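Please build the complex by placing chain B on the supplied structure of chain A, with the hints as guidance.
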Amino acid sequence: MKRFLLFVALAAAAGAAAAQAWPSRPLRLVAPYAAGGPIDISARLLAAKLQESLGQPVVVENRPGAGGNIGVDLIAKGPADGYSLVMSAIATLAINPSLYPGLPYDPLRDLRHVTLLVQVPNVLVVSNDLPAKNVQELVALAKARPGKLDFGSGSSGSTGHLAGEMFKMMTGTYLVHIPYKGSAPALADMMAGRIHLMFDNLASALPSIKSDKVRALAVTTLKRSSFLPELPTMDEAGLKGFDMTTWWGVSVAAKTPQPVVERLSAEILKAMAAPDFKERLHNMGSDAPAIRTPEQFTSFVAAELKTYTELVKRSGAKAD
Amino acid sequence: MEGIFANLGIGFVEVFKLQAVTIAGMSMTLPFNILMCLIGVILGTLIGVLPGIGPVATIAMLLPVTFNLSPIAALIMLAGIYYGAQYGGSTSAILVNLPGESSSVVTCLDGYQMARRGRAGPALATAALASFFAGCVSTLIVAMFAPPLAEVALKFGPAEYFSLMVLGLVSAVVLAHGSLIKAIAMVILGLLLGLVGTDVNSGVLRFAFGISEMADGIGFVTVAMGMFGIAEIIGNLEQKEHREVFTDKVGHLWPTKDDFKRIIGPTLRGTALGSALGILPGGGALLASFGAYTLEKKVSKNAHEFGKGAIEGVAAPESANNAGAQTSFIPLLTLGIPSNAVMALMIGAMMIQGIAPGPQVMTERPQLFWGMIASMWVGNLMLVLLNLPMIGLWIKLLTVPYRILYPSILLFMAVGVFSISNQPFDCFLMALFGLLGYVCVKLECEPAPLILGFILGPLMEENLRRAMLLSRGDPFVFISPSKPISLGFLAASALLLIIIALPALRKKREEAFAAEEQA
Numbered sequence: 001m002k003r004f005l006l007f008v009a010l011a012a013a014a015g016a017a018a019a020q021a022w023p024s025r026p027l028r029l030v031a032p033y034a035a036g037g038p039i040d041i042s043a044r045l046l047a048a049k050l051q052e053s054l055g056q057p058v059v060v061e062n063r064p065g066a067g068g069n070i071g072v073d074l075i076a077k078g079p080a081d082g083y084s085l086v087m088s089a090i091a092t093l094a095i096n097p098s099l100y101p102g103l104p105y106d107p108l109r110d111l112r113h114v115t116l117l118v119q120v121p122n123v124l125v126v127s128n129d130l131p132a133k134n135v136q137e138l139v140a141l142a143k144a145r146p147g148k149l150d151f152g153s154g155s156s157g158s159t160g161h162l163a164g165e166m167f168k169m170m171t172g173t174y175l176v177h178i179p180y181k182g183s184a185p186a187l188a189d190m191m192a193g194r195i196h197l198m199f200d201n202l203a204s205a206l207p208s209i210k211s212d213k214v215r216a217l218a219v220t221t222l223k224r225s226s227f228l229p230e231l232p233t234m235d236e237a238g239l240k241g242f243d244m245t246t247w248w249g250v251s252v253a254a255k256t257p258q259p260v261v262e263r264l265s266a267e268i269l270k271a272m273a274a275p276d277f278k279e280r281l282h283n284m285g286s287d288a289p290a291i292r293t294p295e296q297f298t299s300f301v302a303a304e305l306k307t308y309t310e311l312v313k314r315s316g317a318k319a320d
Numbered sequence: 321m322e323g324i325f326a327n328l329g330i331g332f333v334e335v336f337k338l339q340a341v342t343i344a345g346m347s348m349t350l351p352f353n354i355l356m357c358l359i360g361v362i363l364g365t366l367i368g369v370l371p372g373i374g375p376v377a378t379i380a381m382l383l384p385v386t387f388n389l390s391p392i393a394a395l396i397m398l399a400g401i402y403y404g405a406q407y408g409g410s411t412s413a414i415l416v417n418l419p420g421e422s423s424s425v426v427t428c429l430d431g432y433q434m435a436r437r438g439r440a441g442p443a444l445a446t447a448a449l450a451s452f453f454a455g456c457v458s459t460l461i462v463a464m465f466a467p468p469l470a471e472v473a474l475k476f477g478p479a480e481y482f483s484l485m486v487l488g489l490v491s492a493v494v495l496a497h498g499s500l501i502k503a504i505a506m507v508i509l510g511l512l513l514g515l516v517g518t519d520v521n522s523g524v525l526r527f528a529f530g531i532s533e534m535a536d537g538i539g540f541v542t543v544a545m546g547m548f549g550i551a552e553i554i555g556n557l558e559q560k561e562h563r564e565v566f567t568d569k570v571g572h573l574w575p576t577k578d579d580f581k582r583i584i585g586p587t588l589r590g591t592a593l594g595s596a597l598g599i600l601p602g603g604g605a606l607l608a609s610f611g612a613y614t615l616e617k618k619v620s621k622n623a624h625e626f627g628k629g630a631i632e633g634v635a636a637p638e639s640a641n642n643a644g645a646q647t648s649f650i651p652l653l654t655l656g657i658p659s660n661a662v663m664a665l666m667i668g669a670m671m672i673q674g675i676a677p678g679p680q681v682m683t684e685r686p687q688l689f690w691g692m693i694a695s696m697w698v699g700n701l702m703l704v705l706l707n708l709p710m711i712g713l714w715i716k717l718l719t720v721p722y723r724i725l726y727p728s729i730l731l732f733m734a735v736g737v738f739s740i741s742n743q744p745f746d747c748f749l750m751a752l753f754g755l756l757g758y759v760c761v762k763l764e765c766e767p768a769p770l771i772l773g774f775i776l777g778p779l780m781e782e783n784l785r786r787a788m789l790l791s792r793g794d795p796f797v798f799i800s801p802s803k804p805i806s807l808g809f810l811a812a813s814a815l816l817l818i819i820i821a822l823p824a825l826r827k828k829r830e831e832a833f834a835a836e837e838q839a
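Just so you know, the sequences run in chain order A and B. The letter at position 84 of the first sequence is residue 84 when you use my numbering, and the numbering goes up by one with no holes. The letter at position 76 of the second sequence is residue 396 when you use my numbering, and the numbering goes up by one with no holes.
For lysine-lysine, the following DSS-like pairs were computed, each having C-alpha atoms within a straight-line distance of at most 27 Å:
hint, chain 1, residue 1, chain 2, residue 2
1, A, K181, A, K313
2, A, K181, A, K148
3, A, K181, B, K475
4, A, K270, A, K49
5, B, K581, B, K621
6, A, K240, A, K313
7, B, K475, A, K133
8, A, K148, B, K803
9, A, K168, A, K133
10, A, K181, B, K803
11, A, K313, A, K143
12, B, K628, B, K716
13, A, K133, A, K143
14, B, K502, B, K762
15, B, K475, A, K210
16, B, K475, A, K148
17, A, K306, A, K168
18, A, K181, A, K168
Source of the hints: derived by calculation from the structure; they are not laboratory data. Every value quoted in this text rests on a predicted model; they were computed, and no experiment measured them.
The following block holds chain A by itself, in its conformation from the complex:
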């Protein structure tokens, strides 16, 4: 009898909880990379903010592996109840679908994209030993010495790699791609003059640019960056329409209820407007993205997916 009463009490409590407004229990935010990278750091910053505003713990869970695909797949295939979030990024949403042939999820069908959190430009940086002082001189040099210039990148299929491929395509030049494990060792080799140029994430290249260890020629966005306002864009430098950013945001499973997505989006935007959080994202090299609503984010993902599918195909990069 006692047991029965306990059961009834528990069942009643559970029912009441379900009826309550979201969120009634802790949330998890999957960071599909190892702890410590910029995406992981921003996940932890965001989790702390959401915890305050939602009144529920938000637990960051690192699920690295297969270029972030494992973590994103976990959420794509997980319960669509609004309690499971993932830090999705350009790699997992736009590049990997064409890079990995057997990708287990469809970035548009299996996921709902909530908020774009960070958009960081890439910067075209060259070794100080290279005579080219601007983009036009670099193009001329690459044309004069086909197959002689090396460009580094953080990994095969990274935005740095693909930006280089886009550069080759738009200028009709031939550069040799030298992949590294992360952009730091590539930067070091460039400081020593062993490689000639690379398209690096603004945040990781900024210290070396500021200390004149490498020379920046242009940013890859259509708008100049507030970090290096004197630096022209690739577009201004003659490569019309050259537009690439590294971005990441928050996504949930596709069937997550609309009210939950809206509330989540509103809370994340509120966090992004808070001065301390805003400043920290800014310090990561991100000027506040113009994309705000879930709908805008989703169409942005669709457009990026199209661009990169094309680019990956033309670059010949691939992962099995």
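Chain B only, in chain A's frame:
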């Protein structure tokens, strides 16, 4: 020279500065930075002792907390966690044969053997003292020579790294004290295991068998804990007759006078080697402890004791890894280039605080730069004061009966391995490596060369292929006169190979081992 002391003075003032802080609504005046340093090193020691949970994950989890601190307090604490973990890592390596991170693999070799002989106390004390000495010296090196040393680091390109790794691999064979053929076989097995995962150049998956958890390769902790920890436990449980009990032979806690005499040389050499290799980003610091051990084994007059509890075999790698941990700050502080995952996180921490790491930090924010360097010295002092009294307590752990001790170690290992990427798969893989390790024990194949091959293999391949890409496929790039460093390493490797392979010498080697077995 005077400038250095003036600068260090600025640093110490910053470290010991009293600050008004508000904690839980109460405002008080505290030497806040030094407190943060203390918290950092205690936390570091703890995670170092626990297998699996490394400084990278800990620092990442603590990052959001540090944003409410001043940049200097945050960096002092995070740095404390890093070098604190180096101290803690040796504790579990010595006591239970568990290398929590790559640098403590070598400490396992002789540290654990010392513990088995009832000399865990002297082993732990040696580890702490050697680390402290190395920490002090290398902190001074960072303070005095950081900028010129950073230029040296830049001299190391793919070709140089490759040749350095070759030298490392050749010396891996020296690590083993049994059969030469078996040591080579284990190195090769390690190399093969290192191939698992995504190929850097083409992005193609290799040997992953369609298991997505293996797409990024096999984790170091998984292999090391399986091969060392689990294999050791199985091996011990198997011996019904005289199962190992450390209880009765815990012995004295402190190194004897003779011990002290024996550790001076190895500590000095280990510190020098560690400081030098630590400067190299990308695997330099990793080679330091292996290199120091190999060097000692070659130069020590107690060479026959290595692998059986030689105190030199603890002092050398411990001083080397701690020295390397300190000097690995040089590329970060002077070039803004992280030499390992922890340093990358420190850069993240600095950027989010609005500081662009690099040479300008030294001139624009001298308090921060010198404060951090001074804190490293203070932190090392705290660690030695913290660790020496703890030795008695740690040794008590060995008196815990194995039926309680072993399941707890297994549990900690499983938790540690799981915590790295939250994959149950990694725990199974660790168990599998435990079995492999046990088979190796039965076949008298030693795990250390395998681990070294496993660590160096991927780095070596990456640099080989990068060097070939950059030279457009010219294999002579490694021995070209324009790359004297690479040439030197390869020449040294060839020399070492000849020494190992010379039949006469080899005979002598066998005789030495035969004599050893009789003794």
